[in-house]
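Colleague: Listed below are the residues making up each chain.
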Amino acid sequence: MHFRTSREPFLTAAQAALRAVLTKSTVPALTGILVTAAQGEVTLAGTDLELGIESRFEAQVKEEGQVLIPARYLVDILRRLPEGEITLAEENGGEHVALTAGSSHFRLLTLPAADFPPVGASEAVELLRLPELTLRTLLQQVTFAAAHDGLRQLLTSVLFSLRGASLRLVATDGHRLALAETPLSAEGASGEYLVPARTLEEVARLLGGGGEVSIAAGPKQIIFTTSTWTLVSRLVEGNYLPYESVLPRSFSRQAQVKRTDFLAALERAELFSSEKINAVHLNLSREGIRVQAQSAEVGRMEELVPADVAGEDLDISFNGRYLIEPLRILGSEDIELKFTGPESAAVIGPAGTSTYLYLVMPVTTRQAV
Amino acid sequence: MDETILHVDMNAFFAACHQAADPRLRGRPVLVSGDPESRHGIILTASYEARPYGVKTAMPTGEALRLCPQAVVVRPDFKLYSSYSRRVMAILSSYTPLVEQFSIDEAWLDVAGCEKLFGPPTAIAREIKRRIKEELNLTCSIGIAPTKILAKMASDLEKPDGLVLLTLADVPTRIWPLPVEALFGVGPQTAAALRSLGVRTIGQLAHYPRTSLKARFGVYGEYLAELAQGRDGSRVNPEGEGVKSVGNSITLPQDTVDPEEIETVLLALAEEVGARLRRRALAGRTVTVSIKTPDFRLYTRSATYPEPTCLTEAIYARARQIFHRHFAGRPVRLVGLAVSSLLPPGTPTQLDLFAGQEKNKRARLAQTVDRLRARFGEDVLVRARLLKGPRLPKK
Numbered sequence: 001m002h003f004r005t006s007r008e009p010f011l012t013a014a015q016a017a018l019r020a021v022l023t024k025s026t027v028p029a030l031t032g033i034l035v036t037a038a039q040g041e042v043t044l045a046g047t048d049l050e051l052g053i054e055s056r057f058e059a060q061v062k063e064e065g066q067v068l069i070p071a072r073y074l075v076d077i078l079r080r081l082p083e084g085e086i087t088l089a090e091e092n093g094g095e096h097v098a099l100t101a102g103s104s105h106f107r108l109l110t111l112p113a114a115d116f117p118p119v120g121a122s123e124a125v126e127l128l129r130l131p132e133l134t135l136r137t138l139l140q141q142v143t144f145a146a147a148h149d150g151l152r153q154l155l156t157s158v159l160f161s162l163r164g165a166s167l168r169l170v171a172t173d174g175h176r177l178a179l180a181e182t183p184l185s186a187e188g189a190s191g192e193y194l195v196p197a198r199t200l201e202e203v204a205r206l207l208g209g210g211g212e213v214s215i216a217a218g219p220k221q222i223i224f225t226t227s228t229w230t231l232v233s234r235l236v237e238g239n240y241l242p243y244e245s246v247l248p249r250s251f252s253r254q255a256q257v258k259r260t261d262f263l264a265a266l267e268r269a270e271l272f273s274s275e276k277i278n279a280v281h282l283n284l285s286r287e288g289i290r291v292q293a294q295s296a297e298v299g300r301m302e303e304l305v306p307a308d309v310a311g312e313d314l315d316i317s318f319n320g321r322y323l324i325e326p327l328r329i330l331g332s333e334d335i336e337l338k339f340t341g342p343e344s345a346a347v348i349g350p351a352g353t354s355t356y357l358y359l360v361m362p363v364t365t366r367q368a369v
Numbered sequence: 370m371d372e373t374i375l376h377v378d379m380n381a382f383f384a385a386c387h388q389a390a391d392p393r394l395r396g397r398p399v400l401v402s403g404d405p406e407s408r409h410g411i412i413l414t415a416s417y418e419a420r421p422y423g424v425k426t427a428m429p430t431g432e433a434l435r436l437c438p439q440a441v442v443v444r445p446d447f448k449l450y451s452s453y454s455r456r457v458m459a460i461l462s463s464y465t466p467l468v469e470q471f472s473i474d475e476a477w478l479d480v481a482g483c484e485k486l487f488g489p490p491t492a493i494a495r496e497i498k499r500r501i502k503e504e505l506n507l508t509c510s511i512g513i514a515p516t517k518i519l520a521k522m523a524s525d526l527e528k529p530d531g532l533v534l535l536t537l538a539d540v541p542t543r544i545w546p547l548p549v550e551a552l553f554g555v556g557p558q559t560a561a562a563l564r565s566l567g568v569r570t571i572g573q574l575a576h577y578p579r580t581s582l583k584a585r586f587g588v589y590g591e592y593l594a595e596l597a598q599g600r601d602g603s604r605v606n607p608e609g610e611g612v613k614s615v616g617n618s619i620t621l622p623q624d625t626v627d628p629e630e631i632e633t634v635l636l637a638l639a640e641e642v643g644a645r646l647r648r649r650a651l652a653g654r655t656v657t658v659s660i661k662t663p664d665f666r667l668y669t670r671s672a673t674y675p676e677p678t679c680l681t682e683a684i685y686a687r688a689r690q691i692f693h694r695h696f697a698g699r700p701v702r703l704v705g706l707a708v709s710s711l712l713p714p715g716t717p718t719q720l721d722l723f724a725g726q727e728k729n730k731r732a733r734l735a736q737t738v739d740r741l742r743a744r745f746g747e748d749v750l751v752r753a754r755l756l757k758g759p760r761l762p763k764k
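Chains A and B supply the protein sequences, listed in that same order.
Here the first sequence is numbered in the numbering used here, starting from 1 and rising by one per residue.
Here the second sequence is numbered in the numbering used here, starting from 370 and rising by one per residue.
No lab work stands behind these hints: they were computed from the structure.
We put the beta carbon where it would ideally sit given N, CA and C, even for glycine.
A couple of the hints might just be wrong.
Calculated from the model, a selection of chain B residues having no Cβ within reach of chain A, i.e. all distances over 10 angstroms [said to hold, decoys possible]:
id: 1; residue: D525
id: 2; residue: A551
id: 3; residue: T620
The calculated DSSO-like cross-link candidates involving lysine-lysine, where the alpha carbons are at most 30 angstroms apart (straight line), are [stated by the list, open to error]:
id: 4; chain 1: A; residue 1: K338; chain 2: B; residue 2: K728
id: 5; chain 1: B; residue 1: K448; chain 2: B; residue 2: K521
id: 6; chain 1: B; residue 1: K661; chain 2: B; residue 2: K583
id: 7; chain 1: B; residue 1: K521; chain 2: B; residue 2: K498
id: 8; chain 1: A; residue 1: K338; chain 2: B; residue 2: K448
id: 9; chain 1: B; residue 1: K613; chain 2: B; residue 2: K730
Pulled out of the complex, with its shape left as it was, chain A reads as follows (with noise of 0.2 angstroms):
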């Protein structure tokens, strides 16, 4: 193998391929990133064996191959090398490879490519395609909400709704869900998919472009093609929770906010719940909404936040991250907030739409029996 490219694509590449690459492991074959020459083309993989990134980029192929590199020096030296041109050489029937960059040459020790899983499913089938910023958005809206922990795995993992001419995306952690959707330019396959919200997190770090994504699925895989990489991941088995019936369908109580003055108040709020639950209590009435907390240790904080409030006066608490992460990723600036008491769940979302819909349970306090 060898080939010659610019340092900026052949880094960006290596940094993808980089995030599915485990830093320690048994099975050395696995802290690599794998290098391709082939057809003017280079593909760096990385994989864990639950996620897959595979890159690509355009190079001067002289010489068809292919290498496995330890990933980290790989991507140490590319980080330290000044922009430029990079030659990198098979040496020694594939024991070293060489790289140069100007005056500076590197010789470095290769690790047993025949040992480096395959990247990627079989048999595949396309289900979706859809524009990269449109995907990324859906992300952003909905993956947050799933679970961080993995007590219970399904909720580690976000549903893909494949409704025919739509695509829907859910996510919950058990006190708080997300859901989004987004039509789909041409009708589209049916079925449900759980991704790992981990594996989602790369996906949106790597969109960007302006170009498609095309969303593929095998028996147990699912795999995200842009042109110029391709993740694959495993899927999640089992039945996600209901969650249709959970979403309320009626409300007696409603406001209208400002995203940005709510938010402000919510993480001034949020300096004065030292506890666990960082517990923030809202108060609605004609006024507005007056955002209140205390910390034992610290002190207490009021606000009123102006708002229009239709129904009677409630008494509600929340965490306050649950209310403060939407508000973040939320695009609109008229936001709708509505209730049914103070201990079912409330929904948040931009004023006016009904493609997205964020719900959050109430925290209580216990009284005595």
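We have chain A already, so just place chain B on it with the hints.
Modeller: Just chain B, lined up with the frame of chain A:
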């Protein structure tokens, strides 16, 4: 070492709260009974007016009334107690942030460095006693000492309405003559074991060879010897450190390996522990199951869950899981169940989207059952599974 640690112990707290809240009860003997309708319900607290008649805590209500027929019997009101408790703690916190609440009616304060503001520790103690009496109509005993354990023992020396300052130099004259049971950390079992070594007083414990204590009780033995010398390294910790739990145990009529029988006992225990948690508005994350085998060895296993609970069904399910994981197939003569990692009343609890409906239904059911039992007696509703099987000693 400076005597800057105060231990504040409220006198006859439950009874005193009723007297504070209802002036008609003041100066009269008041008995707080676990179950006033039943003569078998036990006395939780007797006011000081009732004590000269010989009424004691844990005595059956019937017996207490025979000794003191003019006494007023009241039902426990834990909301009332926690509201007074909060007000007491608020008074204590106005002198120092270093207040460690040990139970609903006890707390330690470390007033080191507060002299310039409030005067010496004895002056602070007198001021606290005055405010608690004037503002809340309650009395307390305060012990002042260089360590937490000594302060606690000092507050025990004069009751009610006492104030005792204890220095390390006082330990041989005031602490050593006391029986070992009076030492914090010595329960009936340890006391019996110590007596078998010929150790009856704290002084004897203080002079007993360290190595023998260590051989017999391990690290705990060394700890007790330190305490007996009046030394203890623990600090007043506002976060609290007392391992608090609610638990109970049942000795079976005969040894058994039958899992069904043991599960029934676990359910009975879960029911009782759950009811006590709910009465105090507590919920706990840790469930501990212990068994005693026919050779009198005690084994204890516990598990901690992310969600706190006070519901019988959940406690039972967790206890069963622990039992089957660790003890299945063992012959058992005693089964114990405890819930710990308790969250105090008023702790914010995050509601669940999915488990919510089922759990809320269970909680409402438990509340209804508890109310019925409080009104008509424990036996008004019995789980079918518990109709036959050992009955619990009332707590």
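Colleague: Hint by hint, note whether the structure agrees.
Modeller: Do the hints match the structure? See the list:
The Cβ of D525(B) sits about 29 angstroms from the closest Cβ of chain A, beyond the 10 angstroms cut-off, so the non-interface label holds. Consistency note on A551(B): stated as away from chain A, and its beta-carbon is indeed over 10 angstroms from all of that chain's, at 33 angstroms minimum. For T620(B), the non-interface assignment is confirmed: its Cβ lies about 29 angstroms from the closest Cβ of chain A, beyond the 10 angstroms cut-off. For the hint pairing K338(A) with K728(B), the CA-to-CA distance comes to about 24 angstroms; that is within 30 angstroms, so the pair holds.
Simply put, K448(B) and K521(B) have alpha-carbon atoms about 26 angstroms apart, close enough for the 30 angstroms limit, and the pair holds. For the hint linking K661(B) to K583(B), the alpha-carbon distance of about 24 angstroms falls within 30 angstroms, and the restraint holds. Distance restraint check for K521(B) and K498(B): the Cα-Cα separation of roughly 16 angstroms lies within the 30 angstroms cut-off, and the hinted pair is therefore satisfied. Distance hint between K338(A) and K448(B) is unfulfilled; the C-alpha atoms sit about 33 angstroms from each other, more than 30 angstroms.
Proposed proximity of K613(B) and K730(B) is supported: the alpha carbons are some 28 angstroms apart, at most 30 angstroms.
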